[in-house]
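All chains should be built: construct the whole structure from the sequences, respecting the hints.
2 protein chains.
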Amino acid sequence: MRALLESAARKQSALIVGLDPTPGRLPKEISVLELAPHEATREFCRGILEAAAAEVAAVKLQSAYFERLGAKGIETYAALIEDAHDLGLPVISDVKRGDIGPTATAYAEAHLRVHGAECVTVNPYMGSDAILPFLEEARRMDRGGGVFVLVATSNPSADYIQNTGEPPVYERAARLVADLSSGGEYPDAGAVVGVTRPEVGRRVRELLPGTLFLAPGYGAQGGGASDVRALLDQRGGGVLVNSSRGILYAHEGSERDYREAAREAARSTREELKSAGVRC
Amino acid sequence: MRALLESAARKQSALIVGLDPTPGRLPKEISVLELAPHEATREFCRGILEAAAAEVAAVKLQSAYFERLGAKGIETYAALIEDAHDLGLPVISDVKRGDIGPTATAYAEAHLRVHGAECVTVNPYMGSDAILPFLEEARRMDRGGGVFVLVATSNPSADYIQNTGEPPVYERAARLVADLSSGGEYPDAGAVVGVTRPEVGRRVRELLPGTLFLAPGYGAQGGGASDVRALLDQRGGGVLVNSSRGILYAHEGSERDYREAAREAARSTREELKSAGVRC
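Sequence order for the protein chains is A and B.
Under the numbering used here, think of the first position of the first sequence as 1, with each following residue one higher.
Under the numbering used here, think of the first position of the second sequence as 1001, with each following residue one higher.
Treat the hints as calculated values from the structure; they're not laboratory data.
We put the beta carbon where it would ideally sit given N, CA and C, even for glycine.
Possibly wrong hints are sitting among the right ones.
Looking from chain A toward chain B, a few residues come up when the C-beta cut is under 7 Å (computed) [to be verified]:
id, residue
1, Glu50
2, Ala53
3, Ala64
4, Tyr65
5, Gly70
6, Ala71
7, Ile74
8, Asp99
9, Ile100
10, Met126
11, Thr153
12, Asn155
13, Pro156
14, Ala158
15, Arg202
See below:
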């Protein structure tokens, strides 16, 4: 996790900008260029990265939106990881993969080695086999990589599996994170904990007092700065908050340049988090 | 599921060939061509498909092995789906994706629409939100698509999450499959149920008497034809068995052409399943 933590401390920002680019929602500055969808996506996202770079600790790329553009979309995904690195931003590949050992190894190599992201998100449904190959690959990285395991997600139907059983499944997933972790302060296995269910987040924090959380669900999904507080550790840190649509589409409904709107949205979100007491 | 079921009935085969191509394990017929890894992978897999086409109901592509080859690997993935269709074989994209609604929609469009697979595998950890967009996309397909939800997987650490709670999580995942399904005999939501834990498979069959199972874990992962019997429905059908490494690498340790070895492995596996009473 070192790459992420150092960047957050340097920038004094707990904010991550998420790239979930939808071709139908491109701003006019991009649509007038009449580019192919994968090129338009590249230009749009590069503009967002340049605009938000000073305000954010890292960038999270949501793989699905690039996969939808076919092989060319994967070229765009790779190019944006390079763009992020050129801007000094570490990258979280939000892939939520999970599969048997040899396949998990192939996924880990794809995203952490071939494409060069620092961190990746993974799904715990298949247990430790499906997670360890990602951690092993992250541990090979000089610059300090990491893996975020889905523990308690931010979506409406998350409870159906995650909040079943006694203790609930999310506690079991949290224990898996603790068991697989290695490293000192904020070890290399982190947890995805949405900000939309603060009571669940508080319980996961009790179980994982020293773990870095990646927190989706802020803004467009309904979570606010006060909801983030439930996830903080004893020193008021340990949480990186993702905002995707709230930054990407900040220009919608106004006449502003999309980059200017994104920069302002990133700046105000970063300040909201600071005001809520989130430390980096 | 219609595309898969019709193919299985026509071929009288419950066997699916899985493509998990590892560049380091390519046969000499391919390695002498000195192709780029994505081209060698294409040639190898095309040879496997041509060799096995008469023996199998469908092909399952494991996305990880193509992602590892970068954007060029996705071109190979797309080309192999076309090759499979040219050979009359429906395709299951084994992607095990699972994410919030808009992202699940992007994944569904990527694999079922852009790349044109008939079926896809998905992960239930995030609940129904993460599955419904795939079903909706499959339902738009003229040729009868489907979605296989991970219920009880074949890997060693599967029990950690899946077999926790009372009733266990895999039962809850099975109920999700039942709730989301639509269609008559063998509806459009199927279940991934490994052959490595027959007692779990038997219980899932009780809960899902009319559901099509995709059964991994045969051969290289330790499951045998007798283990498949626990998964069968009342008429002795309802199961499609995947074999990947057992067919792909059947040539290893012999001097046979890899295609000939793959064809024989596919033929004998198909016969084993028939002898075990698996009906199509």
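Item checked: Interface hint status, Ile74/A versus chain B (Cβ within 7 Å) -> 4 Å, holds
Notebook entry, point to check: How about Asn155/A: closest beta carbon in chain B under 7 Å, or not?
Noted result: This hint holds: Asn155/A lies near chain B, its Cβ roughly 4 Å from the closest one there, short of 7 Å.
Checklist line | Ala64/A as an interface hint toward chain B, with CB separation required under 7 Å | finding: With a minimum Cβ separation of about 4 Å from chain B (threshold 7 Å), the hint on Ala64/A holds.
Next item on the list: Double-check Arg202/A for me: the hint is only fine if its C-beta lies closer than 7 Å to a C-beta in chain B.
Entry: 20 Å, violated
Note to self: A closest beta-carbon separation below 7 Å is what the hint needs, so does Gly70/A meet it against chain B?
What the structure shows: 5 Å, holds
Margin query: Please check whether Pro156/A passes as an interface residue: C-beta within 7 Å of a C-beta belonging to chain B.
Written below: With Cβ-Cβ at 6 Å, under 7 Å, it holds.
Next item on the list: Answer holds if the nearest beta-carbon of chain B is closer than 7 Å to that of Ala71/A; otherwise answer violated.
Entry: 4 Å, holds
Checklist line | Closest C-beta approach of Thr153/A to chain B relative to 7 Å, hint status | finding: Holds: closest Cβ of chain B sits about 5 Å from Thr153/A, inside 7 Å.
Notebook entry, point to check: Does the CB of Tyr65/A sit less than 7 Å away from some CB of chain B?
Noted result: 5 Å, holds
Checklist line | Restraint outcome when Ala53/A is required to lie within 7 Å of chain B by C-beta distance | finding: Where the cut-off is 7 Å and the nearest Cβ of chain B is about 24 Å from Ala53/A, the hint is violated.
Margin query: Let's test the interface hint: is any C-beta of chain B closer than 7 Å to that of Glu50/A?
Written below: 23 Å, violated
Notebook entry, point to check: Can Asp99/A be said to touch chain B, with a Cβ gap under 7 Å?
Noted result: 6 Å, holds
The structure shown violates the earlier hints numbered 1, 2, 15.
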